[in-house]
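A.B. asks: Single-letter residue listing:
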Amino acid sequence: MNILKKVKSLLQEAELYHKQGLLDEAKGKYNKAKELIQDDELLKDKQSLMDGIAKKMDLLEIDIEKVEQAEKRPEVAADVQDLIKRLYTFAADQDEDTIALDGAIALAKFGQYDSALAEFNELIKKESLRVVAAKNILRCHMAMSSVDEAFTQYEQWLSEDMFVPDQIDKLRMFFEGILEKEGIDRTLPAAKIQEEDDAHLLDIFEMDEQQTQETAAEGVDIDGFEFEEDEVESDEILDINSIRLTVESGPREGQTLELIVNFQSGNVISLLIPNRDKDLVDCFSVGDMIKNIECYSPIAIFNSSGLVSDVMQIKTGPRRGDYNLDIKVVDN
Amino acid sequence: MAIFNLKKREIECKIVYYGPGRCGKTTNLEYIFKTYKKQITGEMVSVDTEGDRTLFFDFLPMGLGKIKGCDVRVQLYTVPGQVQYTSTRKLVLKGVDGVVFVSDSLEVRREKNMISLKDLQQNLKEYGSSIFKIPLVMQHNKRDLIKQGFPIMSIEQMEKDLNRQLKVPSFPASALNGEGVGETLKECLKLTLKSFKKEMNL
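Heads up: the protein sequence lines correspond to chains R and L, in order. All residue numbers for the first sequence refer to numbering that gives the first Met the number 0, where the first residue is 0 and numbers rise by one. All residue numbers for the second sequence refer to numbering that gives the first Met the number 0, where the first residue is 0 and numbers rise by one.
Among the hints, a few may not be true.
Subject to a maximum C-alpha distance of 30 Å in a straight line, what follows is the list of computed DSS-like cross-link-like pairs (lysine-lysine) [as the list claims (entries may be wrong)]:
1. R/Lys18 to L/Lys36
2. R/Lys43 to R/Lys65
3. R/Lys290 to L/Lys36
4. L/Lys33 to R/Lys18
5. R/Lys290 to L/Lys197
6. R/Lys180 to L/Lys117
7. R/Lys327 to L/Lys33
8. L/Lys197 to R/Lys125
Which stretches of chain R does chain L cover? Using the computed rule of at least three CB atoms under 8 Å from a CB of chain L, they are [claimed, not checked]:
9. 15-21
10. 63-71
11. 283-295
Keep in mind that the hints were calculated from the coordinates and are not lab data. Glycine residues also receive a C-beta, built at the ideal position from the N, C-alpha and C atoms.
Can you build the whole structure from these sequences, using the hints too?
C.D. replies: Structure, rendered in structure tokens:
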């Protein structure tokens, strides 16, 4: 193909991609056209062609910048926020407060942190939702990268009478867990730590996702990829707040315990177990199948089985010395 | 999952349009909104950002009338295709009953199609579902560009890349002018309702 024809074809492609919003692809074609022109020493009118492409690339760069500068999680209009709450509230059969809580969580999940905070700050006034609302307030501040705000809020709660010591202790454990997960090495102000028994029931609605940037290109073969067909067959996994199980072996064999779920990612739940309960940790080994786990979610209680996928002592941070137990919920 | 309200005799199901950025998911919904007015039961809501890119989701409610005495209501959603919105895609996918995977026929988007399908598989898996089990239909969009001489992939190539193992129904389409849009949706609805019927032992 004649060089001018090739250039023309590349420019047409670039125009199309630009029009379609495929900005990187458009840039690639413009650059290729420039290379062809530069490499051809015999080409007439080289400079005017290059100038023409430069102008088009300037326009393209403006659009690229607009996209890059656009806020990733802007606050949207109130009617859209209402729609988000309506469409992503999965506790429709529950009481009014639970529905309100679920709605606020939906807002937070869509990055509408200011509105979510306003709603959680109302919900915290209700005794039954106080702790869970507080936890989500901390979550929102952390998601907004306002670590200082989260600390200030926590300190304020410590100085107020809003929470009983046991609730403050739950909040502290929760907050320490977030800080640990985020790799933030800051010590929380001292709070009265009560003796805990085996029941670490925590009534939090986990926000099950971190807003992570993805490098999705990993592991994709350009010649087509293979799916693993032996995927776990189970129904959708709900957010799990806590579990109840009977220890099947080890020092606490036969004991029935309720344990809090500190984190959840898909069907893997993580439990943070204090160092003083090491005998409980000794009851679980990686690969153990736990039958008959009762899972408590905000909208349902269901029975499940679980595969112990990790047992690890935490080496650094405020929970150093405590244990992390990961259980994969495999069947519900 | 689909909601069957016995009292009201209503079935409500959720169909999600998935695919790489700029492949035409929103265009599909816009065409449906424009064309199937009789079945549309509310406004189409689009939450988009700079350059008409979907930010959170598009939403379009439809009513299919009565099937065996039950009102069938369908909610159509799109996910944001841009790579960085992975957590939003997962949120939108929650409770999905059927999926339309829209692929881009442009050669330059070949890898993006595969990445997006892999992302769908992963997100379904994290919800305890499987890409092999969920009602899924594939739509190879932008076929019209071949007439303008632009480099697009052959259907055979796209089937080999994306549908070799899945073997789900697939349709060539040009969402901009509506070709293949209705067929794709109808097939997905058919598979979704069939799966629902099986699940509920109806």
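A.B. asks: Compare the structure with each hint and give your call.
C.D. replies: Each hint tested on the structure:
Between R/Lys18 and L/Lys36 the alpha-carbon distance is near 29 Å, which keeps this suggested pair within the 30 Å criterion. For the given pair, R/Lys43 sits about 35 Å from R/Lys65 by alpha-carbon distance, which is inconsistent with the 30 Å threshold. As the CA atoms of R/Lys290 and L/Lys36 are separated by approximately 51 Å, the hinted pair breaks the 30 Å bound. Straight-line distance between C-alpha atoms of L/Lys33 and R/Lys18 comes to about 22 Å, which keeps the hinted pair within the 30 Å bound.
This hinted pair checks out: R/Lys290 and L/Lys197 have alpha carbons roughly 28 Å apart, not beyond 30 Å. This hinted pair checks out: R/Lys180 and L/Lys117 have alpha carbons roughly 27 Å apart, not beyond 30 Å. Under the criterion of a C-alpha separation no larger than 30 Å, the hint pairing R/Lys327 with L/Lys33 is inconsistent with the structure, at around 45 Å. A C-alpha spacing of about 43 Å is found between L/Lys197 and R/Lys125, which places the hinted pair above 30 Å, so the restraint is violated.
Coverage of the stretch 15-21 of chain R by chain L holds [criterion: at least 3 residues with CB-CB distance below 8 Å; count 5]. Only when three residues or more bring their CB closer than 8 Å to a CB of chain L does the claim for the stretch 63-71 of chain R stand; here the count is 6, and the claim holds. Only residues whose C-beta sits within less than 8 Å of a C-beta in chain L count toward coverage, and the stretch 283-295 of chain R has 0 of them, not enough to reach three; the restraint is violated.
Of the numbered hints given earlier, the model fails hints 2, 3, 7, 8 and 11; all others are met.
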